[in-house]
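Visitor: Here are the chains, one letter per residue:
There are 2 protein chains.
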Amino acid sequence: MSRRGLLLILSSPSGAGKSTLARRLMEWDPTLRFSVSATTRAPRPGEEDGREYYFKSRAEFESMVAAGEMLEHAEVFGNFYGSPKGPVETAMKEGRDTLFDIDWQGGQQIRNSALGRDVVSVFVLPPSIAELERRLRGRAQDSNEVIAGRMAKSQAEISHWAEYDYVIVNTDIDKAFNELLTILQAERMRRDRQPGLAEFVRGLNKEFDAR
Amino acid sequence: MSRRGLLLILSSPSGAGKSTLARRLMEWDPTLRFSVSATTRAPRPGEEDGREYYFKSRAEFESMVAAGEMLEHAEVFGNFYGSPKGPVETAMKEGRDTLFDIDWQGGQQIRNSALGRDVVSVFVLPPSIAELERRLRGRAQDSNEVIAGRMAKSQAEISHWAEYDYVIVNTDIDKAFNELLTILQAERMRRDRQPGLAEFVRGLNKEFDAR
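As they're listed, the protein sequences go chains A and B.
When we follow my numbering, the leftmost residue of the first sequence carries the number 7, and every step to the right adds one.
When we follow my numbering, the leftmost residue of the second sequence carries the number 7, and every step to the right adds one.
Think of the hints as simulated: they come from the structure by calculation, not from any bench.
Where hints are given, some of them may not hold.
If we take Cβ atoms under 8 Å as the criterion, some of the chain B residues that face chain A in the derived model are [what the hints assert, rightly or not]: (1) Ala168; (2) Asp178; (3) Gln191; (4) Ala192; (5) Met195.
Positions of the beta carbon are idealized from the N, C-alpha and C atoms, including for glycine.
When you get a sec, could you build the whole thing from the sequences and use the hints?
Guide: Encoded structure:
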């Protein structure tokens, strides 16, 4: 009897450590599947199609949406972003969990979809806004204008913290990672996510009856 | 702002390791409050009033039930057992979690009470019935008849495994304890169980507005 995979949604403002947490979780559990988003924005230097994003034209993206192939999608800063549905359904059937690094709009749509009961959602908060800005500026590849836009988006993103199952304040990345791991491990111990339990109990009952 | 304590309910057939797990959890976290049950059964040698149980006469027990002072109660083998409500409410207000070592009847009643949303329930299964019986006989203080009665009760108890949030198969006590700990730690990270988060986010917003 196969286990049904869960959907682990990680959201946070840019710079709160979400991507680092996602990367470390993928390293810790190679059976996790990372949901690569599709986007209409242009690739940045070093980005590879199918790794950071599936890069799509606006027409391609819109036809995927029309065909019901997106689990969620939204427009941000004039570009479309979305999570292709097919790979998620395949992973679930294989009993593999899928990790989503998406924003509140995507989280909200998946939670309200038919797959809502399989969602475990975690919001990552920065310890302070000064620290958030420091981390954003540390990347050093964006202009002041882009940074200002990101900070405005961060405030909007943070306003949705209360829609999530769990909240982690990322003061220390190792501590935050352990908390994320604890959440994933506990959610996997939920009765309805453990494969073969019903069969195991049937075995116990046979043993009782044979006494 | 004070945190509202949760109610951690641990159920299992006798001999599955539940009491050992409960004791180790209490040692690990001294802020946990153990819910001492009230009972009308006679004390066994070595048992102390207020430690293993609150020992009550039938009349005392019935008047507590009538006064609404029991969170749950049930009759087992002709004796009454119940969880006094007062200490639980006090612990919750103090932000302390309460640990219940109770059977499926008690678990069901608390889950269906006004405090149901504060419940985290864990069922502990033995690795096999042979092992369960071995552990029960290892205690060596009970007659064959009592053992037979316990085994019948064990089968009935196990039949309620699917009513619990989490299930732990206790093959190895250290592994089982780590799983229990993981569950408690994750449940404490749930957004609605973390004190002061709303205030923390208000602080972040003030920081945004002051930029």
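Visitor: Hint by hint, note whether the structure agrees.
Guide: To see whether the hints hold, each was checked on the structure:
no. : hint   : in the structure
1   : Ala168 : 7 Å, holds
2   : Asp178 : 15 Å, violated
3   : Gln191 : 5 Å, holds
4   : Ala192 : 3 Å, holds
5   : Met195 : 5 Å, holds
This entry does not satisfy hint 2, going by the numbered hints stated previously; all others are met.
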